[in-house]
Amino acid sequence: MGGVIHLVPDRVTRPFINRFGFQDIEVSKFLVDCIQSCEAQNKLLIDIGANQGIQTLQIVNLLGSSPLLDIICIEPHDKFFQMLKKNL
Amino acid sequence: MALDVKNSKKLIWSAKRNATATLDKKLCFDKPSKLFSQYVTTLNINSLISKYINLSEIDSIFVKSDTDGSDISIFNALIESPLNFKIKSYALEIIFINFSSDQKVLFLKNIEKFSTWILQKKNGATLVNKAEIKSFILNQEVSQANIFLT
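For the record, the sequence lines run as chains A and B.
Letter by letter, the first sequence follows residues 1 to 88 in this note's numbering.
Letter by letter, the second sequence follows residues 1 to 150 in this note's numbering.
Keep in mind that a hint or two might mislead.
Unchecked claim - If you only want the chain B side, here are some residues facing chain A, beta carbon under 10 Å, derived: (1) Ile61; (2) Lys86; (3) Ile87; (4) Asp102; (5) Val105.
Stated by the list, open to error - These stretches of chain B come out as covered by chain A in the derived footprint (C-beta under 8 Å, 3 or more residues): (6) 50-59; (7) 72-80; (8) 88-94.
Note that these hints are calculated values from the structure, not bench results.
Here a beta-carbon is modelled for each residue, glycine too, at the ideal position from N, C-alpha and C.
Bound-form chain B, shown alone (with noise of 0.2 Å):
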């Protein structure tokens, strides 16, 4: 396929654990105790990232994530955290399946500082409405769609 990348690459982080909520939903739920069982390390968002960038060189920053397992906890990390001011724009691709209602309140309430959200369902239908937003992610048992926050 005609993909092609010319910039350098330098290997930033690798996890250890032998599973994603990609391939096991039921990780979604995981509490600490069990992460701890497995020998997930929980890593501060922030640490990470200053690791292997100069934070305070940085202006502005994009996210693209999924909003599921481990993606949600990094996307709820990166909105509570002092990074909060610099991000300008989020992607997320939406695949809340067996979402319990609080999680959603809390994926609502995190998005709230973007003033302006697109909803695009898979069927290439958008809501710009964040009332209709709101209301279409709350009541859809499973809700698969990229939202646009900027």
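With the rest of the complex left out, here is chain A (with noise of 0.2 Å):
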């Protein structure tokens, strides 16, 4: 584990992440625990609404070291855009 995440300065995201360190994690482990138990062998991730990433790293990192699934991330927002590819 480690690394940086980038954030874009805002009153929600930022000051939640900085505190707990994860972001709406109910929603990271469902998926997860849907990936993990299908057992077809090429799977597809699809982060609608991507925003900066953070949804999509607290999936890949509690898949740990489960088999790799293709992932598209969606955003349409420039800003958040830019923080997505710096995060991913």
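Two chains, two separate frames, one set of hints: put the complex together.
Printed below as a string of structure tokens:
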């Protein structure tokens, strides 16, 4: 584990991440459970409204050494998209 | 913070619009003519995804989405697309602010294909009964919750 996550200064996400180190972890855990319990070989995760990549990072970290899956992140807002590129 | 990703990455797509409904809730109600005037390109969700992934090789799709603006449009497009049958689970962060009842009805119609629904309110309370979840979504003017669909 380690590394730095880049976040746009705001009143919600950054203070929350700084304080707790995660955000909406229930969503990540739900998807990780679904991915891990699925026996299919080729899996795709689509993160719609990926924002700054926090949810994708959490999912990837929770998956740990599980088999790789393809991930598509979609984020229309340029400011967040730039952070998404930095973070992934 | 302690986050780390070892997977490889590939830049896939960038929109040219300078705002999203996350920042401006009015954008939820954009009409095609307005999108056109802002030079927004309309994309076919299948084409978009198949540009980067060989969909014939994908067995199962897992999706995380919000319900604001463009996110809900992509959600609706995915559900109505031929990819539908490959989607095994959906996690949606519901943020219904000023959503019309028609939009809510469309949302509920689109999630009907999933057999199991779990709605988690922001206070941690959960609903698992479909009728109760529908009532919660339809009757709350402002709804914020997570819904997990499988």
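Here is how each hint holds up against the structure:
Interface hint status for Ile61 of chain B: upheld, as the beta-carbon distance to the closest one in chain A is roughly 5 Å, under 10 Å. The restraint placing Lys86 of chain B at the interface with chain A holds, with a minimum CB-CB distance near 8 Å, inside the 10 Å limit. Using the Cβ-Cβ criterion of 10 Å, the hint placing Ile87 of chain B at the interface with chain A is satisfied: the shortest such distance is roughly 9 Å. Using the Cβ-Cβ criterion of 10 Å, the hint placing Asp102 of chain B at the interface with chain A is not satisfied: the shortest such distance is roughly 21 Å.
A cut of 10 Å between beta carbons decides the hint on Val105 of chain B: the least distance to chain A is about 21 Å, and the hint is violated. As drawn, the stretch 50-59 of chain B meets chain A at 5 residues by the rule of a beta-carbon pair under 8 Å; at three or more, the given contact holds. Under a criterion of three residues with beta carbons nearer than 8 Å to beta carbons of chain A, the stated coverage of the stretch 72-80 of chain B is upheld, 3 such residues being counted. By the rule of at least three residues with a Cβ nearer than 8 Å to a Cβ of chain A, the coverage given for the stretch 88-94 of chain B holds, with 4 such residues.
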